[in-house]
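Asks: One letter stands for each residue in the lines below.
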Amino acid sequence: MGDIVMLITVFVLACFVGVELISKVPPTLHTPLMSGSNAISGITIVGSLISAGIGEMTISTILGVIAVAFAMINVVGGYLVTDRMLKMFKRK
Amino acid sequence: MEHLRESIENIMYLIGAVLFIFGIKMLGSPKTARKGNFYSAVGMLIAIVVTLFDKHILTYEWIIVGVLAGSLVGAVLAVKVEMTSMPQMVGLLNGFGGGASTLVALAEYYRGMATYQTALQSNPSLTLLEHMPYQTTVSIVLGILVGAVTFNGSLVAYAKLQGLISGNSIRYPMQHPLNALMIVVTLVIGALGVMDLNNQWYFLTVTILGLILGITLVIPIGGADMPVVISLLNSYSGIAAAITGFVINNNMLIITGALVGASGIILTDIMCKGMNRSLMNVLLGGWGTAPAVEASKDKKQVVVKSVDVEEAAMLFDAARLVIVVPGYGMAVAQAQHAVRELMNVLEKKGCAVKFAIHPVAGRMPGHMNVLLAESNVPYEHMYALEEINDDFRNADIALIIGANDVVNPAARHDQSSPIYGMPILNADYAKTVIINKRSMAAGYAGIDNELFGFPNALMYFGDAKDAVSKLTNELKSMNN
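Residue numbers (my numbering), protein chains in the order written: chain B, 1 to 92; chain Y, 1 to 480.
Just so you know, the hints here were simulated from the structure itself, not pulled from any lab data. The structure presented is a predicted model; accordingly, all values stated were derived computationally and were not measured. Everything hinted at is true.
Facing chain Y, a subset of chain B residues (Cβ under 8 Å, in silico):
1. V17
2. K24
3. T28
4. S48
5. T82
6. L86
Glycine included, C-beta positions come from ideal geometry on N, C-alpha and C.
Using the sequences plus the hints, can you model the full thing?
Replies: The structure is reproduced here in structure tokens:
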């Protein structure tokens, strides 16, 4: 039981950090922010990798491999597209 | 030894999470944003590499297949997408993240069931509930559900924005009660699954219902509300990732998921404020269909004055301050480069040019800024609504390109208007308002704009790209 309380604590505190951080981003950067944070949501790759690497070809492995591919699309696509956008923001 | 390895793993995850936080912090300024995105990517790389050393991972062949396939698809999508299509692109990528969360949750269910048999051999008195406690199974059900809604919801949003299906609000009788009922049923089936782990059909049914909910929840949202959907789904994908963290007991996933969840919620809130609508209001659908009927019913006769390119050029030639109000019409016509060209010519003549950007201009928050940046408009020239609204009084010309609702004065005083109360750009306060439109058609919200009939308003008809280029050429050819 102590475990889950600890995890919830971390979740709640991280939510506050997120709100603090993101409220300070100016409207100009809202689209890159969204696509950048979107790329970060690909962190679910951590779970995918474990599922995909259990060994033996089981249903978990199959689901895990598809999950790895999906998460990598999210991660690679997200970071590249964000970088493409941010490259364009130039000063005079 | 095992303990040390686990500690190192957790410390590396912590470093990854800190890099994400720094990365987002640096996204707060255009000067550091690109570096911030890089730091965040490094954080992700660390997380991936550390996970590859996890003790649960026994084989790598299939991981390599998945990583290569996903990276290739992601890279191709990212390189090929046009800036005008960015909203649907972000939506699509987001959907894959949500889909991955569903698959991980399902995989963890099957893995838990399989490892139980092995665990029984060393400890015959182990019960299934001890092996898979409620924390794990409840998280699995929620992870499946939120991920599936995100996945299919994002695909629907993508299809709408890409024009594969109608972008309008699609409605049918009993829509909201049916959706509510389906959510309740899904949760009940999920709860039954938690009680009866041996029956995989509960978990598969939750997956299927989640996928259906993704469609039925997004399909009634149409038109101008799409930005809200995109940022809300963004938030869901973060929550799905955080739930995955609860499933596999991983702090890093929880922290990171929470960051993304918060970002989506804040942007959603900004969009809603920008339209003076409540989130509930958006989610239940509205706008775009009903108002159009209303508007045509009591259509007032608006008398408009139009200008040709010579007259318009003369006005611009004498101007000292021009404020441009870009709308999605500009983006569709790919006119952003022509607009920047006009900016250069005006600046050469000693006229200041500013860009006023409404929070809901474009198809996602800040989309218009990206489009202008693409055509090399420096970011110092872009102003948010509250920064520029007082400047309109000093402006010689407010040039409105392909924007309608964001400058409609009805929002200030007409209580019967669907956009009443929405903050608007005070373009009508400029000495002269020049409105570039192809025709007198109503805007995205489907309502008429009384601004067009104002004494200081002039219509400059034509395709945005073509009309702005002509204006620029005319200005260039004027000798002064």
